[in-house]
Amino acid sequence: MAVGAALLRPTRHRRRASSGSARRLQGARRARTARHGQAGRGAGARLVGRRHARRPGRVIRIGTSGWSYDHWVDVLYPAGLPVAKRLARYVEEFDTVELNASFYRWPRDSAFAGWRQRLPDGFTMAVKAHRGLTHYRRLKSPEPWVERFERCWAALGDRAEALLVQLHPELARDDARLDHFLTLMPPSIPVALELRHPSWNDPAVFELLERHRAAYVVMSGAKLACIPRATSDLVYIRMHGPEPASLYTGSYTEDDLRWWADRLLEWHDEGKRVDIYFNNDIGGHAVRNARRLKELVAAR
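The sequence shown runs 1 to 300 under UniProt numbering.
It is possible that part of the hints are untrue.
Cut-off 20 Å, straight-line C-alpha distance, at most; resulting in silico cross-link-like pairs (EDC-like, lysine to aspartate or glutamate) [stated by the list, open to error]: (1) Lys85 - Asp121; (2) Lys140 - Asp121; (3) Lys85 - Asp74.
What follows is a set of in silico ranges between Cβ atoms, one per label pair, in the way DEER data are often shown [claimed, not checked]: (4) Glu207 - Arg138: 17 to 25 Å; (5) Arg151 - Glu92: 39 to 47 Å; (6) Ala204 - Asp269: 22 to 30 Å; (7) Leu81 - Ala176: 47 to 55 Å; (8) Glu147 - Glu295: 35 to 43 Å; (9) Glu170 - Tyr104: 13 to 21 Å; (10) Tyr136 - Arg213: 25 to 33 Å; (11) Asp179 - Gly157: 24 to 32 Å; (12) Gly80 - His180: 14 to 22 Å.
For the record, the hints were derived by calculation from the structure and aren't laboratory data. The model shown is predicted, which means the values in this text are computed figures rather than measured ones. Backbone N, C-alpha and C fix where the C-beta goes; we use that ideal spot for every residue, glycine too.
Given these sequences and hints, build the entire structure.
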């Protein structure tokens, strides 16, 4: 099984992405500064989202990591729009979002319940696990966090998409620790694992994820292995930007986005549910790239 180095996508040989074998990829990479992505208040009137053009029955969701950034003014929001109305503007264009603020401060159950009430039908929210579990404890003694995740899922209801668990980049492979965590997680919560340390890129790890029906997070970003591998019925993709030396900045090219559109459709044709979130928020590139990818998928 070939595993990719820190690559964006194959630049010459555009092979079909397979759920059975990881492929070596090639391309460019990413950058960005620290940011908290969104602030959430639960209560309020239900937000109204648009219908999104896609083939009947298609489950391909395209969105961004976070929704509230000052540098998205004049890209997503008009100048002068109150911060409290940014989510309402976001749901007019997209049908999913990745909640990143939960990594820094875990919301109260009432906040998740408030989002459930406000978000329009058909809109979903992926939730990033708190760094207390992933970066401080590094998956050790996860029981208290598993209980929090269960309450979160109960509060979000059908607005819940997936739980993103991004492991610390210095956390090397530990199959027993990962297996213990996944064993504790209830099957009702789809888990997506972002495994940044290169030691995790091993067939045995993919098999472990498959046994637990957990999604391997396909990453596109500087110094991150880009392996288009599906380990569950959910394919979860994070686009951290195309710059070669840093994360969270830069804009993907038209060729890059067309290549990814083809991959999304291939996974869909294999019966997968596909989520892709753009995390290159600096300069509003995440919004522009997500918009364009939506157009490309809808046109197929």
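Status of each hint after checking the structure:
About 18 Å separates the Cα atoms of Lys85 and Asp121, which keeps this hinted pair within 20 Å; it holds. Distance restraint check for Lys140 and Asp121: the Cα-Cα separation of roughly 36 Å exceeds the 20 Å cut-off, and the hinted pair is therefore not satisfied. Between Lys85 and Asp74, the direct Cα distance comes to roughly 14 Å. Compliance with the 20 Å bound is thereby established for this hinted pair. Taking 17 to 25 Å as the suggested C-beta distance range, the pair Glu207 and Arg138 conforms, at roughly 22 Å.
Roughly 30 Å separates the CB atoms of Arg151 and Glu92, a value that falls outside the hinted 39 to 47 Å. Remark: the range hint 22 to 30 Å for Ala204 to Asp269 is upheld by a beta-carbon distance near 28 Å. About 49 Å separates the C-beta atoms of Leu81 and Ala176, a value consistent with the hinted range of 47 to 55 Å. As the Cβ distance of Glu147 to Glu295 is approximately 41 Å, the hint placing it in 35 to 43 Å holds.
Distance hint check for Glu170 and Tyr104: the Cβ-Cβ separation is about 19 Å, which falls inside the suggested range of 13 to 21 Å. The supplied range of 25 to 33 Å is met by Tyr136 and Arg213, whose beta-carbon atoms lie about 27 Å from each other. A beta carbon spacing of about 29 Å between Asp179 and Gly157 agrees with the range 24 to 32 Å that was offered as a hint. Between Gly80 and His180 the CB atoms are about 50 Å apart, so this pair departs from the stated range of 14 to 22 Å.
When each numbered hint is compared with the structure, violations occur for hints 2, 5 and 12.
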